[in-house]
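Asker: Turn these sequences into a full structure, and let the hints steer you where they fit.
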Amino acid sequence: MRNVSFVRSEMLAEQTPPLTSIGVIGWTRENLFNGWFNSILTIISLYIVYSFLSFLIPWVLTPTWKATSLNECREINTALTGHHSGACWGVITERWPQFIFGFYDRSILWRPILVFVLFLATIAPILFERVPRKLFLLGPVFPFLAVWLLWGGSIWSPIFSFLGLVLGYLVWRSLKERVNAVILLLSSIGVPIIWWMFLTEPASGLLAEMIPYEIQVLPSRDFGGLLLSLTIGLTAIFCSLPIGIFLALGRQSDLLIVKVLCVWFIEFIRGVPLITLLFVASTLLNIFMPPGTNFDIIMRVVIMVTLFSSAYMAEVVRGGLAGLDSGQYEAANALGFSYWKAQRLIIMPQALKISIPGIVSNFIGVLKDTTLVSVIGLFDPIGLTTVVLADMRWNGVYWELNVFVALCFFVFCFSMSRYSMYLERKLRKEN
Amino acid sequence: MAQHQDFKKPTFELSMLLYDTRYRSTSFQVIALIFFFSLVWWLVNNTMSNLAISGKDIDFSFLVHESNYDINQRLLEYDSRSSHGRAAVLGVLNTLVLSAIGCITATILGVFVGIARLSKNWIVARIMTVHIEIFRNVPLLLWILLIMSMVAHSFPVPKHFRGADPIATMKLFDSVALTNRGFYIPEPLFSNGFGDMGFFSNSFYISIDLIVILAIFIGSIWASGKIKARAKRIQEETGIRPTTWYLRLGVIFIPTILLLVYLGFYLGYPELKGFNFKGGIHLRNSLIALWIALSLYTSAFIAEIVRSGILAVSKGQTEAAGALGIKPNVIMALVILPQALKVIVPPLISNYLNLTKNSSLAIAVGYMDLTGTLMGITLNQTGRELETLLLGMSIYLTISLLISAVINWYNRRNDMVER
Numbered sequence: 001m002r003n004v005s006f007v008r009s010e011m012l013a014e015q016t017p018p019l020t021s022i023g024v025i026g027w028t029r030e031n032l033f034n035g036w037f038n039s040i041l042t043i044i045s046l047y048i049v050y051s052f053l054s055f056l057i058p059w060v061l062t063p064t065w066k067a068t069s070l071n072e073c074r075e076i077n078t079a080l081t082g083h084h085s086g087a088c089w090g091v092i093t094e095r096w097p098q099f100i101f102g103f104y105d106r107s108i109l110w111r112p113i114l115v116f117v118l119f120l121a122t123i124a125p126i127l128f129e130r131v132p133r134k135l136f137l138l139g140p141v142f143p144f145l146a147v148w149l150l151w152g153g154s155i156w157s158p159i160f161s162f163l164g165l166v167l168g169y170l171v172w173r174s175l176k177e178r179v180n181a182v183i184l185l186l187s188s189i190g191v192p193i194i195w196w197m198f199l200t201e202p203a204s205g206l207l208a209e210m211i212p213y214e215i216q217v218l219p220s221r222d223f224g225g226l227l228l229s230l231t232i233g234l235t236a237i238f239c240s241l242p243i244g245i246f247l248a249l250g251r252q253s254d255l256l257i258v259k260v261l262c263v264w265f266i267e268f269i270r271g272v273p274l275i276t277l278l279f280v281a282s283t284l285l286n287i288f289m290p291p292g293t294n295f296d297i298i299m300r301v302v303i304m305v306t307l308f309s310s311a312y313m314a315e316v317v318r319g320g321l322a323g324l325d326s327g328q329y330e331a332a333n334a335l336g337f338s339y340w341k342a343q344r345l346i347i348m349p350q351a352l353k354i355s356i357p358g359i360v361s362n363f364i365g366v367l368k369d370t371t372l373v374s375v376i377g378l379f380d381p382i383g384l385t386t387v388v389l390a391d392m393r394w395n396g397v398y399w400e401l402n403v404f405v406a407l408c409f410f411v412f413c414f415s416m417s418r419y420s421m422y423l424e425r426k427l428r429k430e431n
Numbered sequence: 001m002a003q004h005q006d007f008k009k010p011t012f013e014l015s016m017l018l019y020d021t022r023y024r025s026t027s028f029q030v031i032a033l034i035f036f037f038s039l040v041w042w043l044v045n046n047t048m049s050n051l052a053i054s055g056k057d058i059d060f061s062f063l064v065h066e067s068n069y070d071i072n073q074r075l076l077e078y079d080s081r082s083s084h085g086r087a088a089v090l091g092v093l094n095t096l097v098l099s100a101i102g103c104i105t106a107t108i109l110g111v112f113v114g115i116a117r118l119s120k121n122w123i124v125a126r127i128m129t130v131h132i133e134i135f136r137n138v139p140l141l142l143w144i145l146l147i148m149s150m151v152a153h154s155f156p157v158p159k160h161f162r163g164a165d166p167i168a169t170m171k172l173f174d175s176v177a178l179t180n181r182g183f184y185i186p187e188p189l190f191s192n193g194f195g196d197m198g199f200f201s202n203s204f205y206i207s208i209d210l211i212v213i214l215a216i217f218i219g220s221i222w223a224s225g226k227i228k229a230r231a232k233r234i235q236e237e238t239g240i241r242p243t244t245w246y247l248r249l250g251v252i253f254i255p256t257i258l259l260l261v262y263l264g265f266y267l268g269y270p271e272l273k274g275f276n277f278k279g280g281i282h283l284r285n286s287l288i289a290l291w292i293a294l295s296l297y298t299s300a301f302i303a304e305i306v307r308s309g310i311l312a313v314s315k316g317q318t319e320a321a322g323a324l325g326i327k328p329n330v331i332m333a334l335v336i337l338p339q340a341l342k343v344i345v346p347p348l349i350s351n352y353l354n355l356t357k358n359s360s361l362a363i364a365v366g367y368m369d370l371t372g373t374l375m376g377i378t379l380n381q382t383g384r385e386l387e388t389l390l391l392g393m394s395i396y397l398t399i400s401l402l403i404s405a406v407i408n409w410y411n412r413r414n415d416m417v418e419r
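Quick mapping for you: the protein sequence lines, in order, are chains A and B. The first sequence begins at 1 in the numbering used here and counts up by one. The second sequence begins at 1 in the numbering used here and counts up by one.
Be careful, since some hints might not be right.
Only some residues are given here: those of chain B computed to face chain A with a beta carbon under 10 Å [said to hold, decoys possible]: (1) L43; (2) N45; (3) A116; (4) W122; (5) R126; (6) N137; (7) S149; (8) H153; (9) S360; (10) E385; (11) S404.
Source of the hints: derived by calculation from the structure; they are not laboratory data. Ideal Cβ placement from N, Cα and C applies to all residues, glycine included.
Answerer: Pasting the structure below:
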């Protein structure tokens, strides 16, 4: 083809992109100054961030960590900047143990710390796959151990309460192949309940007299701070998930009466604010019990918070059940699975997987809602701020305490929501 | 011939109640019912014997007795000689006012944050993410207390507005005063008004002016809807849509404005008299703190709902509409939004419900809502825990059930549109 004047016979060398479209400049142009509208937005946002930080940073960075009273803080801040507005962190240095442990006896703080470590060890195999599976064995023991370590008392009552659980397991093992599933369920739940109601107390009392071993008893009014929030919140979280699942199943059930009862319960609990339920816990719950019972205020609050969150949990799980393809139910039926077997092996694993985001945001909600107990006079972190403010030296320190408490809750809630995102990603990858 | 064996007709055995699927469900339900009723009976029985021991009875007559306490934010006539029942009604009204204004601002803020979080502008999207995470992960009660201390400690006291060279000045052409006791804003007044009208043998009064204005305004909106329907009909018949926006704007606003002029509408400005401001509407600092805190907190949840609603509409919808030659802003209005709204609205309404229930935290800053009046002071004064809590809970339950009825109605209506 000689008559063609010019034909390129080799490829052109790759040119580097213009400096304005790569690197920092390119990124800035694409993400921040892409058109006039975006440029204005960027400038406004930068101004907002700047004015916020220029107010916040000087306030936070004050050398008041060693001050022992508000006046001392003000002196330090005035010497530094000329006016006394600035954070007073001395109150946190002095009071942070109280915000974590409340009025718990300072000499035995190892007990709540040990409980927290044991708790982490118990949930570790649930959260992460690489943790040794043997830690699952800690699960059944932990609740009894935790109650004993936190409240103290004779060693025999947690041991005998735990024996009730063992008894239930033995009943279930021995009857498993012989009887109908419902009788199996009823008897393996009923026997431990009878054990707990009638035998635990006399038996442990008897042994406590024979071989007395007990650790210092702590009354519930000494509980406070994050210890109280976490005790209430985590107990409610772990009890509400199974109750919520059963409520959701009941709501989907073909049995009319069971369904109606579940719907009533769920709608009632979801229809009233938690604070009214806490009022019920603090004033009314003892009226509903047989005359003479006077059970612990933390216990009453835990019951109410559990009921509250289980109703919400039921709705989340119901969403998961509704999101499941009906082919799954039909396949389970076609394979001849019984109702409970189908639920356990086919329906629930998938339904719970769909509802993980909802379940975790419910957990976060429960943890945040535990702050409401300050309204009925318990000393959770918010309730404790009033205690600190009653101290003459710190009267007037509002922000620092609230900011500290907010940070504590933020750490817990934010890490929970990040974990749920990680879990979602992991489960999505698996299938 | 093969021997014919007679099948025995199965006779009823007791074990069939448990093993035969025909009877099993019935027997379970009977067991559940018996269990439920025995639980109820046990609770009622305990309650009765406890009440007998403490010498109480169940009696709602306290509702008509004198309340002996004052309520600082009153939408109806009330003083300390009014009854506990009236105090409860005022509490309900305060709850509803707080919830209503909270829902409006939370929606506006939430929609803004949710859309801005999807922005291609990196810094805007990051700011919105920080906003959402901060407000979602810190308890609401803490926000309420923080904002309350902000309002109560960072605004000037009323006496700072006094003198020739005051420390603080009123904002917006001397019409709004921001003080640590709350905000004072101008109030609408009528020099030529119709006065008030009593309801239920004059147990409360409502301004006739307000009723007339609302009636005219709603009527105008209805008329404007008629004009829109007519424009649509013409468009479907002829293909040309008549321009009606100025007509509709006029129909909506002109009658109301004429009415306001006739009634002699003017604004009453707050004025500093003595130690405090007089005149105008006083928004108490507790109301302000609750309003801001509830709006910000709920807006974080609404933002996530709006974001997921918009993301739920698949990209193919935008592309298909683009391929049909529809303009980008029309795509948003006619293709994306109607589909996104179906996902957004039900959880949005359930967030309104949450806001209404969360407004009961008002008790922490002394705002007199239902929890503060009926379940707070009335409970403490009369000592009738059972009655006040039952009544209070059933009022909240009624509000909630009404809101869920709205959700169900919306879902049903949309299901029908879908097919």
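Asker: So, for every hint listed, does it hold in this structure?
Answerer: Checked hints:
1. L43: holds, 5 Å
2. N45: Since chain A brings a Cβ to about 9 Å from B/N45, closer than 10 Å, the hint holds.
3. A116: holds, 9 Å
4. W122: Cβ of B/W122 sits 4 Å from chain A, so the hint holds.
5. R126: holds, 9 Å
6. N137: holds, 4 Å
7. S149: holds, 4 Å
8. H153: Where the cut-off is 10 Å and the nearest Cβ of chain A is about 7 Å from B/H153, the hint holds.
9. S360: holds, 4 Å
10. E385: Hint on B/E385: holds, closest Cβ of chain A at ~4 Å, below 10 Å.
11. S404: Result: holds, 8 Å to nearest chain A Cβ.
Checked against the numbered hints listed earlier, the structure breaks none of them; every hint is satisfied.
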